[in-house]
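Got chain B sorted already, so can you dock chain E onto it with the hints?
Take a look at the letters that make up each chain.
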Amino acid sequence: MRFHTPKTFEAAVAIAAAASGQTRFLAGGTDVLVQMRAAMVMPDDLIDLKHIPGVKDIARTADGGWQIGIAVSGAELGRHAGIGADWPGVVEGMQLVGSTQVQGRATLVGNLCNGSPAADSVPAMVAAGARLSVIGPQGSRDVAVEDIPAGPGRTTLKPGEVVTAVTLPPRGQNGGDAYLRFIPRTEMDIAVVGVAVNLRLEGDKITEARIALGAVAPKILLVPQAAQAIIGSTLDDAAMDALSAAAVAASTPISDKRGTAAFRKDIVGVLVKRAARIAYERAKGAAK
Amino acid sequence: MPKDDLKTGYRIVGTRPDRPDGLDKVTGRARYGADISAPGMLHAAVVRSPHAHARIIRIDASKALVLDGVKAVITRADFPTGLTGEDWNLQENTIAGDVALYDGHAVAAVAATSKLLAQDAARLIEVVYEVLPHVIDVDAAMQPDAPVIRAGTADHSVPEGMHPNVVKYIDFGHGDLEAGFAAADLVRAQTYKTEATHQGYIEPHACLGQMGADGKGEMWVCTQGQWYIRRMCSAVLGTDASQLRVTPSEIGGGFGGKTTIFMEPLALALSRKAGGRPVKLVMSRAEVLRATGPTASASMDVKLGMKADGTLTAAQVNFRMQGGAFIGSSPVGEALSCALACYTIPAVHHEGYEVLANRPKAAAYRAPGSPMAAFAVESLLDEMCRELGLDPLAVRLKNAAREGAKASYGPTYNRIGLVETLEATMAHANLKVPLGPNQGRGVASGFWFNHGGETSVSLAIGEDGTVTVSVGTPDIGGSRASLGMMTAETLGIPYEAVRVNIVETGALGVNEPTHGSRATFASGLAAVEAAKQAIKTMCARAAAEWGIDADAVEWIDGAAAPAGPNAGKFPPMSIAEIGAKMGSTGGPISGHHEVTAGGFGASFGAHVVDVEVDPETGRTTVLRYLVVQDAGRAIHPAYVEGQYHGGAVQGIGWALNEEYVYGADGRLQNTVFLDYRIPVASDLPMIDTVIVEVPNPGHPYGVRGVGETGITPPLPALANAIAAATGARLRSLPMSPPKVLAAIKAKANGQG
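In the order they appear, the protein sequences are chains B and E. Per my numbering, the first sequence starts with residue 1, numbered consecutively. Per my numbering, the second sequence starts with residue 1001, numbered consecutively.
Next up, chain B with everything else stripped away, as it sits in the complex:
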């Protein structure tokens, strides 16, 4: 195995593009190193991105959003007052990843690129409308987070491509987001179901919504039908029932060691209502 510490993303891309065997990018390493220890992945080239300037930075964008470096840890994200105020759902999703120790290293982009349908930070990023800057042998591009997952352990990133930053859009007025997951314990577990809801109000009425589901399909889903079920409503009982039904209908889960398909369908219908309620209350709070 060759271990690389490039100082620029361009250099990282050059190393990856020239590699012929298995390549892995290393940021927090909380998935890659564990997989190496378990002999699930034995990379020929391991490219550490943490030596690239700026990868630990969090910055306001010109339009009032946030740009987050690819090596910013969950713990650093959790301590950032500005992002926590704008996007509490994204922060709480990321902070559910692993233990306190893991939080010191785990990153948003690592959680995304690991390709798990159960990744906790990804539904909230999708619901928020987060976007990625990607650089590769063919140049740079900008891509929505929901377009990255391709299936368990797979992404749509092309060989040699590397993510250089995550951008959260401006929060704007009267918005709220939330992420909830179901696990049988209280921590240190993998989501059996994950649900993120992001919405905006005008008075008591929902005018915009994005809803993303985790662990109920081969990849994390953005479900417009679920959003439609609550747009125009005040989250009354009928809207809640329609929301639940839409989330259940969009889910195509499997049965595995973490839960049965039938159970996951039941839970996604419950959790989406609870997450919507929290997001709604946060938006109301923001509207004060």
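This list has only true hints and no planted wrong ones.
Just some of the chain B residues that point at chain E, by a computed CB distance under 8 Å:
id, residue
1, 257
2, 267
3, 270
With beta-carbon atoms standing in for the labels, derived distance ranges:
id, chain 1, residue 1, chain 2, residue 2, range
4, B, 159, E, 1681, 39 to 47 Å
5, E, 1216, B, 38, 36 to 44 Å
6, B, 208, E, 1727, 39 to 47 Å
7, E, 1028, B, 7, 30 to 38 Å
8, B, 159, E, 1085, 54 to 62 Å
9, E, 1030, B, 5, 30 to 38 Å
10, E, 1664, B, 40, 15 to 23 Å
11, B, 5, E, 1037, 27 to 35 Å
12, B, 8, E, 1116, 25 to 33 Å
Bear in mind the hints are in silico, worked out from the structure with no lab data behind them. As the structure is a computational prediction, the values presented were derived from the model and not from experiment. The beta-carbon is built from N, C-alpha and C at its ideal position, and this holds for glycine as well.
Just chain E now, with coordinates in the frame of chain B:
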């Protein structure tokens, strides 16, 4: 609440000094199994079967052996043949012969100059398998069409016509069952199932083994019993037990799972083949879960007869347990004996079957068999109390086993404390806390025999009057503290003046492991006797110096003193003074005691748990938990409470989320702690404890042993609480959210 005629008012017994191993453990200075290294050491890796049941056609290690740094590869061909009985089982489980019997069964091992190299080499060892049909579930393994795991294993107890996987049958009881059920106002019968669970000790198995061609060897190992390691490794390797010296490391949890061998002979065999270089072998968590000894899974029928006032009239249990592919590994006998032990019932009958399955060889796990049995019996008892509108604790008290009663498993009870335990439970404030919506309260009783066993302890007086105690029972629950306290109490010296060492196999006679909650009981009893012997010697030394009769000297507050004015007027001679001049007064002073300790006393417990169940997700939150248990005498109450906490927590895990999950291919699916869901700290409330003290007359300080009973009541207590919260009765463990939600839905649909 001492209720005894033994001496009270101790100086040290019953206090809470710092544990002697505490600082080492919190500073990282304690040396665990994997912390031991030696010059020239090699590292080992094990090749394990990926199949639940497969014939081994060929093993080709040629690609591994050509790697620079690979020093030895072993297979079953490197072990002696002709072993019988449990020795053969141990050898077969250490390394597969013709057939791999479970997913994770070792088939070869390699030693190399680094761990990474050993792991690379292990991947290069090619094994050709012929996959055979397998069976995992205990009931399925008894069916006529089940694959035969090993024909001819069954012993003489098995009735004719049963499947060859049924290898042991047990049948006992007393009283007129028919008359008992006829006398009942309510007779109910139900079937219960529990899944295999692992002890979940944090420290994986680890050892460093060295053995020369002459069969002389050394082993440093994480174990509950160094003499068991010595005997078992020697049997598997065909060497003499006394030529192997085994030193126990500090231990990061055992709970019964480290009372036997798994991979230790592999390290010795690799060393022997690698020219005597020491070999370190450390399991990964996945290896621990796949290839060490979880507890059995069980399928159990229970039938109880009860009068309208709650009096039990008859009980019948029929248990089926698998403990892997080896006879004698399931605790079905213990389960039967514990099942009805809390109650005095005129007619009881027990039947049990041990069944082979393609799973790892089960090992002991905290009160082996008792938790499953309690789940079945205590759940049905609760159902019947509800049906008759009776208070479940009052019914338990009405039927409670008492001193002089014939136990369900045969003997007559000596002094026991179930009644006192239940009375303390009923008086506890937790029972008066009002419950809210979706909340429920469950109670259950539990029992464990406790154990004495082969024990050898030595004690030596130092030149400064401080004392070392050498014991053979590894400290898995604070026993160094409790042994030091009892020794200091007996000698009349400060606790800090005693050091308790866990010693290697060359230093004492044979000791059984720390199992059966016996360390504080049996090593404690022997330490007290050894101290008394040393006291006798010290009194004799003082008597000789004073020129009086040895009988005229008594031991008071850590010093020899003339026994009364007639003995003569001499100032007391302290242990320090005696120690300082012992070289010139007759030589070193020590005490020693060895015994197969009888006189152990059973410990009963009662637990009360409050839960809240989310009716939409089936998720159970433990709100409140109370453990009440008879300790006999709590030498160090904080460690007794720790044992109560630990038993409750492991039971909560077993009840709610822990299980061995197998795929259709017979492979274990959840081989890491991420998916093998033991409780985490935030899952649990603070656990309330009450130490009941009904001293055991068979121990100088009244000790019973407290380690195991605490895991017995949680399984049924949780089931009873969930039933109270939801109206849904779960008769299969774990009561994980999918199962609880399904039961709630079935109840709502009128199927509950």
